[in-house]
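Colleague: Mind docking chain L on chain G? Use the hints.
Number of protein chains: 2
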Amino acid sequence: MKILNYSSVEPKDAGEGTSKVTIRWLIDKKTGAKNFFMRLFEIEAGGYTPLHQHDWEHEVFIIEGEGVIVYEEETKLFRAGDVIFIPPNEKHQFRNSGKKLVKLLCLIPNKKNGEAVTSCGCGQKDCQSCK
Amino acid sequence: MKILNYSSVEPKDAGEGTSKVTIRWLIDKKTGAKNFFMRLFEIEAGGYTPLHQHDWEHEVFIIEGEGVIVYEEETKLFRAGDVIFIPPNEKHQFRNSGKKLVKLLCLIPNKKNGEAVTSCGCGQKDCQSCK
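Chain order of the listed sequences is G and L. Sequential numbering of the first sequence, starting at 1, is according to our numbering. Sequential numbering of the second sequence, starting at 1, is according to our numbering.
The hints are simulated quantities; they were obtained by calculation from the structure and are not laboratory data. No experiment lies behind these values; they were computed from the predicted model shown. Mixed in with the good hints there might be a few duds.
Copies of the same chain look alike in the list, so a pair counts if it works inside one copy or between any two.
Unchecked claim - Under the rule of at most 27 Å between Cα atoms (straight-line distance), these lysine-lysine pairs were calculated in the DSSO-like manner: (1) 91 to 2; (2) 34 to 2; (3) 29 to 76; (4) 99 to 2; (5) 12 to 29.
Here chain G stands alone, though its shape is the one from the complex (with noise of 0.2 Å):
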């Protein structure tokens, strides 16, 4: 059994194509995790995530803050409390519209149609999990 505080874990630039939003990886391979892997990210008032897509899915929950969620072609406001399922293959972009941070867990598979993503999952090259 492993147990830390989010807040111990050094939040990082979320990377390209996001503003104002830091990712941290709470469970992760390094955890002992196989199959799934939990994030936390910050987006300050005014920032955002890249609006993209990618074939795999997001679980998310929303801890703090106010936004806006873009999908497609429509919009649709997000506040605490809300759980947002994303299916693969959707665009999808997260942004906080409101004045206060927004805190959301962001939760993703190990692999995509049963195939390895990545070491870690994310997909992203320059992914610190992934090291």
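Modeller: Quick look at chain L alone, frame taken from chain G:
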């Protein structure tokens, strides 16, 4: 994309071996998830989950409250913002030792050791999501 507030999901008694614990299935097979599932547990003051073990992992995030996690022969305090990874086959129990409600997310894989646990992955006969 599916979005809902956790409070719109009916809480159900968490079943055998629990005391003062409810479960809400936030993301499951019916949502369209194939790889892992998100549940929200609420544990009232003095409540607890059973001391048990099974051959799949838990990925937990403590949203509110504080308590004690029992694992194997030891105990450890938990509080809001804590992240807990319980590997397969480790004994564990959550106890609300505080005065406030504990809210936590607990995610589980759809499969254990490459084989389906049940239709929803919880492994319990009376699971509402398996119907």
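Colleague: Now, for every hint given, state plainly whether the structure supports it.
Modeller: A quick look at each hint next to the structure:
Taking the shortest Cα distances, residue 91 and residue 2 sit within 27 Å of each other only across copies (13 Å), while inside one copy they are farther apart (34 Å). In this assembly of identical chains, residue 34 and residue 2 lie within 27 Å of each other by CA distance both inside one copy and across copies; the values are 15 Å within and 26 Å between. Proximity of residue 29 and residue 76 under a CA criterion of 27 Å is satisfied inter-copy only: 23 Å between copies versus 33 Å inside one chain copy. Proximity of residue 99 and residue 2 under a CA criterion of 27 Å is satisfied inter-copy only: 25 Å between copies versus 34 Å inside one chain copy.
For the homomeric pair residue 12 and residue 29, the shortest alpha-carbon distance inside one copy (17 Å) is at most 27 Å, but the shortest distance between copies (32 Å) is not.
In terms of the numbered hints stated before, the structure departs from none.
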